[in-house]
Amino acid sequence: MRRVFHLTAACALALPAPAVAAPSREAEPTSVEVTAGPPISTAPAEGFDPDVAARLAEAEAIVGATHAPMPLLERALQRVLVLYESRDPFSRAQRERARPRSVAILGQIGTQARDAGDTVLAARALDARWTIAGGRDPQLADVLTTWAERDAANAPARALYLARRARQANPAHSDAARLDARLSSNRRIWPARLAIVAGVVAFGVGLYARSRVGAIEDDLAAHPRPGDEVDRLLTLRSRYDLIGTGLLIAVPVLSVSGMVLAFSGTPKYQPTSPAELPTLEEP
Amino acid sequence: MSGRVLGPLAIALTGCAAVSSSFLLPDVIALATPPGRVADGSGQLDPAATVRLTARQHAALAEATHGAIEAATRAPADLRLQRRAAAMVRAMAADSEDKTAIGTLAVAPLLEHLVGAQPCPGLVDAAATWHALGEQARAGEAYLRASSECGSIEAAIAAVAPLRTVDRCDDAIAGLRAAWPRVRAGRKGAWIEVFDAVASCSDAVTLRRNLAFAPTEVVEDYVALRAARRQEELERDRERAAEQREEAERDRARQASWRCESECSAAVSSCSSSCTGEPSCSERCASVGHVCRSGCGGF
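Chains as they are written, first to last, in our numbering: chain D, 1 to 283; chain F, 1001 to 1299.
For the record, the hints were derived by calculation from the structure and aren't laboratory data. Just so you know, even glycine gets a beta-carbon here, dropped at the ideal spot from N, CA and C. Any given hint could turn out to be false.
[Unchecked claim] Residues from chain D that face chain F, not an exhaustive set, calculated with beta carbons under 7 angstroms:
#1 Ser31
#2 Gly37
#3 Pro50
#4 Glu85
#5 Asp88
#6 Tyr161
#7 Ser184
#8 Asn186
#9 Gly199
#10 Ser255
#11 Ser257
#12 Met259
#13 Thr266
#14 Gln270
[As the list claims (entries may be wrong)] Covered stretches of chain F (chain D as the covering partner; in silico rule of three or more C-beta atoms under 8 angstroms from a C-beta of chain D):
#15 1039-1046
#16 1076-1086
#17 1206-1216
#18 1223-1233
Assemble the whole structure, with the sequences as input and the hints as a guide.
Shown next, in the form of structure tokens:
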């Protein structure tokens, strides 16, 4: 038991660890230059610019209400994301200051959307939170895995992307790891191997049966025997002949079937994001 | 067992093994080949996701700009908010090819208020914004006003580019002429920038006339500076052309050398084939080839 545990641990250590996203920490410009004029400070001395504060306050009011409908949650998400999607220097300069409030709002949007059964909206909100906050996000990993399991049969490329993103958000998520392994690997490899091994065994048994046919014929030719014994040996010879011939015919069928199974089971897709993710561009 | 029995038996066993291996080889290869799996990595973005991310960037900037203008309108005394809103409009103009989105913003009232409330630096903010929006005449006029009202040499220089595009170089030069008395008191080297601005709005015939507002010795210094610059530029062009010629020459020589070596090799090969295995003949061919190649030039 202990050895099995050690082997598992060794395998886990040997696997490449999924990267954990970290938020951008590069220094933002503190002022904007104007030709023939003094520079403009990119952020107010304290707090936020009124429009930025208004967007955050509106989003907080929406998520603060109990059972906010999905369109309102969607609006709250859009209001928070403006600061992170717009590339102007004034928005960029206030991101760091707005991070705690944004992370809290996005977490609430994600929780409420998940509880209401809107997995996609929940994933978008939590994905944005993860991009902004960095580190691990088990809640996002749960939602992404739920989405991946739902889409695994119909859209395996998308499901694989979601499973791997879930593993990035939480490398310890066992369901995501299992789904990743299942969608990444050849799902017909064991039936294929079985067919090929069966072909090898059939070849050996077929050769043996054919050799027995030759031995009986040689024996009958070399030794005089009573009629009933000759009949018995001829019956036995016919049986060996039938088995040997049948198995030797089956050999290529089994081998080719195994190879076709192995080839057809190889995944023909690459992990591909859904249209809704990632919510924000990677920093 | 006699050799008569062992021989055929060995042949039969060898044949059997060969047939068996030819049958089983593909199976062994198939079993030994690792099963195909999807390569590691986080994967690729769906084209729809890429389109969405780009569209959201533009939409977010438009929304942020709209919010900035609203905030500036609500706080008319806050100069930073006014200037920030103007800068956001410039960012949006640089970001988007679609000017219809900017057309929906209340830019003109914002800039008028900014200029009225704080002409310095409101005028240069307004000028930069009109310039970004393609309103070159308005931009040039605002820069000229900034130059005269705020005493800014830089504004007079900045007025040249927009006014030149609307064929109003006379106004631009008048602005520079008006700013000239401040140049001496200004920072070092400013006079060269002023003269360069005049030169960008002049031709060979009108340059001296347009520079007539400055003392003659200063103009002469500038003319000498321009001549030196032109000389430097010509020198650089000559060096660049010489480098290109040398490179072309090297290429030609290299190709000629390869062609020569190829012809020598063909001659050696033809010579060797006529030797019918005679060693002395082959040696002669090789030495002829060596002499031939040595004349090809080394590369």
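Hint check results:
1. A hinted interface residue such as serine 31(D) counts as satisfied when its beta carbon comes closer than 7 angstroms to some beta carbon of chain F; here the least separation is about 10 angstroms, so the hint is violated.
2. For the restraint placing glycine 37(D) at the interface with chain F, the shortest Cβ-Cβ distance is roughly 4 angstroms, inside the 7 angstroms limit, so the hint holds.
3. Contact between proline 50(D) and chain F, as hinted, is supported at the beta carbon level, the nearest pair being about 4 angstroms apart and thus within 7 angstroms.
4. Look at glutamate 85(D): its Cβ gets to within about 4 angstroms of chain F, closer than 7 angstroms, so that hint holds up.
5. At a threshold of 7 angstroms, the smallest CB-CB gap from aspartate 88(D) to chain F is about 4 angstroms, leaving the interface hint in force.
6. With a cut of 7 angstroms, the hint placing tyrosine 161(D) at the interface with chain F holds, because the nearest CB-to-CB distance is about 4 angstroms.
7. Given hint, serine 184(D) at the interface with chain F, holds; its Cβ is 4 angstroms from that chain's nearest Cβ, closer than 7 angstroms.
8. Against a cut-off of 7 angstroms between C-beta atoms, the interface hint on asparagine 186(D) holds, since the closest Cβ of chain F lies about 4 angstroms away.
9. Among the interface hints, the one on glycine 199(D) holds; its C-beta lies about 6 angstroms from the nearest C-beta in chain F, closer than the 7 angstroms criterion.
10. For the restraint placing serine 255(D) at the interface with chain F, the shortest Cβ-Cβ distance is roughly 5 angstroms, inside the 7 angstroms limit, so the hint holds.
11. A cut of 7 angstroms between beta carbons decides the hint on serine 257(D): the least distance to chain F is about 11 angstroms, and the hint is violated.
12. Because the beta carbon of methionine 259(D) sits about 5 angstroms from the nearest beta carbon in chain F, less than 7 angstroms, this interface hint is met.
13. A hinted interface residue such as threonine 266(D) counts as satisfied when its beta carbon comes closer than 7 angstroms to some beta carbon of chain F; here the least separation is about 3 angstroms, so the hint holds.
14. With a least beta-carbon distance of about 6 angstroms to chain F, the hint placing glutamine 270(D) at the interface is held under the 7 angstroms criterion.
15. Only when three residues or more bring their CB closer than 8 angstroms to a CB of chain D does the claim for the stretch 1039-1046 of chain F stand; here the count is 8, and the claim holds.
16. Using a Cβ-Cβ cut-off of 8 angstroms, 4 residues of the stretch 1076-1086 of chain F lie near chain D, which meets the minimum of three, so the contact claim holds.
17. With 0 residues having a Cβ less than 8 angstroms from any Cβ of chain D, the stretch 1206-1216 of chain F misses the three-residue criterion, and the hint is violated.
18. Note: the stretch 1223-1233 of chain F has 0 residues with beta-carbon separation from chain D under 8 angstroms; the three-residue rule is not met and the coverage is violated.
Violation of the numbered hints given earlier is confined to hints 1, 11, 17, 18; the remaining hints are satisfied by the structure.
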